[in-house]
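Colleague: Given the coordinates of chain A, assemble chain B onto it according to the supplied hints.
Chains as they are written, first to last, in the numbering used here: chain A, 1 to 122; chain B, 1001 to 1138.
Simulated from the structure, these hints should not be mistaken for lab results. A virtual CB, placed ideally from N, CA and C, is assigned to each residue, including glycine. Be aware that a few hints might be false.
Said to hold, decoys possible - Here are some, though not all, of the chain B residues that point toward chain A, as calculated from beta-carbon distances under 7 Å:
#1 1030
#2 1044
#3 1046
#4 1047
#5 1119
#6 1120
#7 1121
#8 1125
#9 1126
#10 1127
#11 1128
What the hints assert, rightly or not - Pairwise CB distance ranges (calculated):
#12 A/110 / B/1055: 48 to 56 Å
#13 B/1024 / A/106: 26 to 34 Å
#14 A/2 / B/1093: 32 to 40 Å
#15 B/1040 / A/99: 36 to 44 Å
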Amino acid sequence: MFLLTVLYDPECGLCRRAHEWLAEQSKIVELNFVPCASEEARERYPQLNHDLTKKDLTVIGDDNGAVYFGPKAWLMVLWALARYRDWSYRLATPELLPTTRRVVSLISQNRYQIGRAAGLNR
Amino acid sequence: MTIGISTYLIYLAVSIALTIWVARTLHKNGRVFLVDVFHGNEALADSVNHLLVVGFYLINFGYVSLALKLGYVVTTAEQSIEALSVKVGLVLLVLGGMHFFNLFIFSRMRRRSVARDQPPVGPDAFTPIQQTAQQQEA
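Extracted from the complex, chain B is given alone in its bound form:
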């Protein structure tokens, strides 16, 4: 196996492992947010959570795949490590960006759902309510 092939294989192994780790973290910790957003509807929260993670995988693996090509020949171990650091560094940055984007979506969904519980306008006044017999029964 040439050093070029090993570089590619190491790059793929590291990138895939990192992507899976970040996706799992998101999946595990994002669930709480989503359950809250959907007012305790766990089935819906799990479904949306899963869909988000699938999108996350697609974008990251897509990037990893597109960024695979080095464009020059690697002959020494030194060159291989340098090439790897650039490639893996870029994957990490994309993962980080995606991760924060996901957090942003979670927090925005949550904020929206909390805000939606509040009436759009404040009351003009308050009035005492007399409980009628009919309503007390109900």
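If we strip away everything but chain A, and leave its shape as in the complex, we get:
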């Protein structure tokens, strides 16, 4: 896997800030950012459920079309980063995965409120 496409929500301040942070990190796997449900995304993945991608982060492996949704997508993004690859395995262990899912879902579902509270929404 040499490239992961990240379908992110361009309307959320938190996601934009995360995007900026990710752009600065050194990566083992390159990340390609595409706004979710955009024309580009629809053109590239004609059979994907694009309404679902607006609900949570979606990552797609560009060699085989593997789709990672929600918490799995977050773990894949961590896995792509040189500094955090070890953490992606740690958070994916059976002991920690339920907690990871819960925390990630909580953040995803409240991303607009968090962004507003942190003053990230423009």
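Modeller: This is chain B only, laid out in the frame that chain A set:
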């Protein structure tokens, strides 16, 4: 030269020769593992290999040196051979232990590096990808 001195000298010669032999074996055969672990980065593999061998020498020579003292007087050839067998036997066991410890480190490093190529989670689904004109150019 008394028989006691000869015993010590033979002990030192045998122990040092054995240590050098094991260290060289490790150095020669461990390299392949390390090159694989570091994804073909030979300079890094050689460096780590060398550092490991230095540690190996230090621990073994340290043990050989500490275990030199017999604690009793050797007067006959028989006693000398018995003393040597105990001392050299212990050195061999320490060398063997260290050797397996090194192999364990090599195999663990290798396993870790192989495992790190795999994603932490399996995909939820698969979707066909439409190559866009822009990406085909790149």
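Colleague: So, for every hint listed, does it hold in this structure?
Modeller: Results for each hint:
1. Because the beta carbon of residue 1030 of chain B sits about 24 Å from the nearest beta carbon in chain A, more than 7 Å, this interface hint is broken.
2. At a threshold of 7 Å, the smallest CB-CB gap from residue 1044 of chain B to chain A is about 15 Å, leaving the interface hint violated.
3. Because the beta carbon of residue 1046 of chain B sits about 23 Å from the nearest beta carbon in chain A, more than 7 Å, this interface hint is broken.
4. The beta carbon of residue 1047 of chain B comes no nearer than 20 Å to any beta carbon in chain A, farther than 7 Å, and the hint placing it at the interface is violated.
5. Taking 7 Å as the C-beta cut-off, the interface hint given for residue 1119 of chain B holds, the closest approach to chain A being about 6 Å.
6. With a least beta-carbon distance of about 4 Å to chain A, the hint placing residue 1120 of chain B at the interface is held under the 7 Å criterion.
7. Because the beta carbon of residue 1121 of chain B sits about 5 Å from the nearest beta carbon in chain A, less than 7 Å, this interface hint is met.
8. For residue 1125 of chain B, the interface hint holds, since its Cβ comes within 7 Å of a Cβ in chain A; the closest pair sits about 4 Å apart.
9. Interface restraint check for residue 1126 of chain B: the shortest CB-CB distance to chain A comes to about 5 Å, inside 7 Å, so the restraint holds.
10. Restraint check, residue 1127 of chain B versus chain A: the minimum CB separation of about 5 Å is within 7 Å; hint holds.
11. Nearest Cβ of chain A to the Cβ of residue 1128 of chain B: about 6 Å, under the 7 Å cut. The hint holds.
12. Checked against the hint of 48 to 56 Å, the C-beta distance between residue 110 of chain A and residue 1055 of chain B comes to roughly 51 Å, which is consistent with it.
13. Range check, residue 1024 of chain B to residue 106 of chain A: about 57 Å between beta-carbon atoms, so the 26 to 34 Å window is missed.
14. Separated by about 48 Å at the C-beta atoms, residue 2 of chain A and residue 1093 of chain B break the suggested range of 32 to 40 Å.
15. Judged by the Cβ atoms, the range 36 to 44 Å given for residue 1040 of chain B and residue 99 of chain A holds: they are separated by roughly 37 Å.
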